[in-house]
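Fit chain B to the given chain A structure using the hints.
Number of protein chains: 2
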Amino acid sequence: MPLGQRQGDNGESRYCGAEAAWSSDIQDSLSFALSGAFDFIIAPLTDPSYRPSKAKRDPEGSAIVPPFAGSDLVLSPSQWSSHIVGKLSGWLDLDSHDELVRSDSETTIKQEAAWASHLSLQACLLPTPRPLNCGNYARCVNQVLQGLTSMQLWLRIPLVSPELEAAQGTEEEDRLFLERDEITGRFKNDTWEWWNMFRTLCEHHSQLSVALDITAELPSPSSLRRWIGEPLKAAILHTSAFLTNKRGYPCLSRQHQHLITTLFSHNVQIVLSGTCLHHVDQPPSTAIDPSSFGGNGTEDVAYSKHPLKPYLEYIAYLYRKMDPPDEQERFEMGYRDFLQAPLQPLMDNLEAQTYETFEKDSTKYSQYQKAVHAALLDRVPDRMVSTTTTVLMVVGAGRGPLVRASLQAAHETGRKLRVYAVEKNPNAVVTLHSLIKLEGWENVVTVISCDMRRWNAPEQADILVSELLGSFGDNELSPECLDGAQRFLKQDGISIPSSYTSFIGPITASKLHNDVKSYADLAHFETAYVVKFHSVARLAPPQPVFTFEHPNFDAPLDNRRYVKLKFELSPDTGSALVHGFGGYFDAVLYKDVHLGIEPSTATPNMFSWFAIFFPLRKPIYMPAGSVLELHFWRCIAPSKVWYEWAVTAPSVSPVHNVNGRSYWVGL
Amino acid sequence: MPLGQRQGDNGESRYCGAEAAWSSDIQDSLSFALSGAFDFIIAPLTDPSYRPSKAKRDPEGSAIVPPFAGSDLVLSPSQWSSHIVGKLSGWLDLDSHDELVRSDSETTIKQEAAWASHLSLQACLLPTPRPLNCGNYARCVNQVLQGLTSMQLWLRIPLVSPELEAAQGTEEEDRLFLERDEITGRFKNDTWEWWNMFRTLCEHHSQLSVALDITAELPSPSSLRRWIGEPLKAAILHTSAFLTNKRGYPCLSRQHQHLITTLFSHNVQIVLSGTCLHHVDQPPSTAIDPSSFGGNGTEDVAYSKHPLKPYLEYIAYLYRKMDPPDEQERFEMGYRDFLQAPLQPLMDNLEAQTYETFEKDSTKYSQYQKAVHAALLDRVPDRMVSTTTTVLMVVGAGRGPLVRASLQAAHETGRKLRVYAVEKNPNAVVTLHSLIKLEGWENVVTVISCDMRRWNAPEQADILVSELLGSFGDNELSPECLDGAQRFLKQDGISIPSSYTSFIGPITASKLHNDVKSYADLAHFETAYVVKFHSVARLAPPQPVFTFEHPNFDAPLDNRRYVKLKFELSPDTGSALVHGFGGYFDAVLYKDVHLGIEPSTATPNMFSWFAIFFPLRKPIYMPAGSVLELHFWRCIAPSKVWYEWAVTAPSVSPVHNVNGRSYWVGL
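Quick note, the sequences are listed as chains A and B, same order.
Just so you know, we're using the UniProt record's numbering here: the first sequence kicks off at 1 and counts up by one.
Just so you know, we're using the UniProt record's numbering here: the second sequence kicks off at 1 and counts up by one.
If we strip away everything but chain A, and leave its shape as in the complex, we get (with noise of 0.2 Å):
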């Protein structure tokens, strides 16, 4: 049953499995860890001492079938599939030295594979791979991979490497970190590298992800963060993580707490594994009826006598005291890890709903209003505050939220304004003159209909006022936009913004990958995308791009940049993945008033703008404590603006979207 119910999340993380040891009775295990009120189990199809080479043969020399978990019969098509999590063989070693235990390896990992897509299981569980020696293996898995229909294979890698465990405290520990393969170069205990190698033989494969197997040691929350970029499928909780509460119950430390409930909410299943540590007696177990399960309600094991109750208990104790998401949170779950084509609202005209959408974004509009309020106090000391009227102008006012914003500063100031609301989609300024006259604006406000570019204004401003910023500051054109309509602004004009700044940062977003890869075109590896970040790991902090003041009166003008950057990956991180980049904005709408969604300064509770990201053609490598370097170009030409970007360290890329190629804004 699940865990517990959470207003609007129905992931995967609300059921919980339990890993079952080898049984020729699956039914039976499936029934006993239901009636503990698990929901599924992993368990093993085959009798673990079943070899292909010793297997008994008809005497024609074939070989007899494998001694599978008796039919398919013993349980329903939607048992298979709903409570069973195929485990491969664990004896299974597909590069190992022997010839013969690599031959009967890859035999049975193909009669399992074969049995599990025959009972339509949605995922198997694969034996941990050698460190850094997998080739075979993975090869193998990849050959399998490339006939599933929709089976998931779940690479299990322990968390932290079995070696590492075992010299916890010791001074060994920060030396076997840092400990390379000879052949590779690589981190061997950094079991990172074990999944990295395995994943990239098999060409990240969308059907191939991980299970982590989380003990009592944890590796550095750097470490731990990268995983979530990853395609996690499952954690394996074993009972050796929990510590022992006062009154003798099972309970996790607080690093173990927080990773779980990351898990949960990274939509990650949780299963429990080992043998019970903690003999307490059971509380009186909550309405359970296991026919609801699919059993037949004969079994009469008892719901308490499961050894790992008391850690499901504990588990679903956690999932239920995680605050519900609020509404923001809501709003943003449909969005979370999808790709949308950046706006181009220069040369489309946005939509009546995605006016509607934006204009619900209270904080932004107020963050406006404070601009406009403190731009309104400095331009116009109290004692001129009847003899002299502002003349602000809004460019692009759309539906006309700037206009209203602007207006009740005007109010809460007492100060006098002239409005022009310069529009260019002609659908907007419909609304917007009905706006006027039904909030009684006639006298204070005049809409001009017309690109801001081009018009001839009647006279200069003393403030400007727009919002033409996308997700990377600039990619909207707002530098061209405003070069263009400062011709009609006083020399001492302000304009709103006055400035602002895109951020960039490398990520590991493996699934964002998989989805841009899926287009299987070269453009869309060149083409940014507006997404709502979630499962993505932050591998270092962002840093600044470009910057763009308004106004600007350098002559000639020019919006080309060019920047280089480094970015450090810290070594207690351990070596990561870098799938793209993401990209943010910060702006000074005027002097201390900002707006913006770069991490570490981000406005908070504002939902206009989610994240960039600009992928990697191929994803780079980077070991530990290694270094990127990122080149970052604003290209220009008569009609359109593009971005191109390389990397040049630690390895070296082609440059993305050349001339504009495949990704461009039009003028």
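There could be a bad hint or two in this list.
Claimed, not checked - Calculated cross-link-like contacts (lysine-lysine; reagent style DSS-like; alpha-carbon spacing at most 25 Å):
# : chain 1 : residue 1 : chain 2 : residue 2
1 : A       : 640       : B       : 618
2 : A       : 517       : B       : 618
3 : B       : 532       : B       : 490
As the list claims (entries may be wrong) - Pairwise CB distance ranges (calculated):
# : chain 1 : residue 1 : chain 2 : residue 2 : range
4 : A       : 97        : B       : 547       : 11 to 21 Å
5 : B       : 347       : A       : 97        : 32 to 42 Å
6 : B       : 564       : A       : 557       : 25 to 35 Å
7 : B       : 547       : A       : 91        : 23 to 33 Å
8 : A       : 91        : B       : 347       : 38 to 48 Å
9 : B       : 90        : A       : 335       : 50 to 60 Å
Calculated from the structure, these hints are not laboratory results.
For glycine and all other residues, C-beta sits at the position ideal for the given N, C-alpha and C.
Here is chain B on its own, set in the frame of chain A:
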């Protein structure tokens, strides 16, 4: 005028150029060089003092056109394209810290490239990039490359870094050679690294090549060798590279001579550069008519006056003293570095033309004759000659060359033979019958029109002779065919060949890789090609891969194979790029009679096999002294055999050709 005439050689390297200084009269520069017997000049296109930011502007603010050499009319279109390589301004520095220099450089490089393109020049020479700091320069060149039709860009790279050259002979030299750049971790003083970073950023564009500057100092032979696999178009040989002979004339060291002849034979053009350091009396010039080079004959520039003439004459002397290509070389010239799909002789029937070509390889059949000779002597002692008839079966007899070789061996040894010629191709069988009639072999040879795997032989054979080997030994399924045929071999019978082994080694082969890439699909990157390697650099000695022995009475027979190989790049090579692997074979026909193409033991004067090329989807960078770990599999399914391959060090590749999806040999 060309350096000389060599039979069958129509390569570019017959033409020699001179580097010219800036002149506002390019016609004069060209005439002067042609009069000195040069074929072309590398000449600046723009006044070196030109800077866009300082250029005069018209009243509207637009820049005046830059000062290109006169107009396009000063030379005829054919003169521009045959005799001028444009030299882009030497001051260009796109990775300067100074933004103005960067901006001027970008403007100029684009103007110059556009001008050169307008003139239909065949190539432009690009100035040397900053060591490992070329991101912006490469981005800009990459943009230019996208717009070019046929013009080549030659990136100028010193063969030895100036810093290393200065340290020559000091203790510093070794340290400098292995000094790494702080950010990229690459070897700063290995100029190949400069090239590699640049071309990787430009995505291995096929119009981007190298022009190497050669001075007095040369790197180690293995360091030189890797350049042969790169797109090397020109070598700019400085007068400082020359020594002085007893008579005061310029000459080159033995190593330099060797390098120059290697360049000649790889179609690399020599360009002389620098000031004259050997003031010798010019010999009377041989008949040179400047008008034949497009000059109008009115310039009275004395032929003898070109200061680089003595150097040119030495180069021409080197060219002319090269050995003319022998018959085999002339045969192979047309096949050099040309991708051919490997034969599928089992699934397809060969054509008459193919038989014709292969039958001409007398070396091959003479080796077979030696092998049968030795086998007959071993099989039939002298005392039993008259009483014993040896049963010899040629499996895959084709049009009969092995039948002939076997009968000749029988004749030599005086042994009696009964021959069965088994052939599955009914078309070849027609010719085979006619041969036997023609030669009067009817009493000795029986023709069997049948697949050897299915034939029911009337008796058991003493000797089984076959020629089923491909360039990679087993790649045309010799193991499967012979396993099928050995049913009718006596238990103590002999198979010729008795064993064969494939070999493989990493290579730099930019031309081949670009040719594969031009197919623009995955399948071609996962296919092996038969290729006459020429502009290919072997980075490490080939190593044995798979061995098959015949007869093979193992049960069950298993022709699947897996090896893991380690190749080390010697530190004095510097770093290199691996585009794929060169494959070869060596076969033991019988005892000490072998046959093969593995470079270190290759049978001389044999042309039946070229090497085989296994590409990598993405070239792999190997730092100096690193180890490459290669995995190679031979996989078998009921109807096909295929290879898979992957690299796990120094970086990890995906497994290539999974399940034989791109390339396989049908059973």
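Practice task
Any hints from earlier that this structure breaks? Give me their numbers in increasing order, please.
Solution key: Per hint list: 1, 3, 6 violated.
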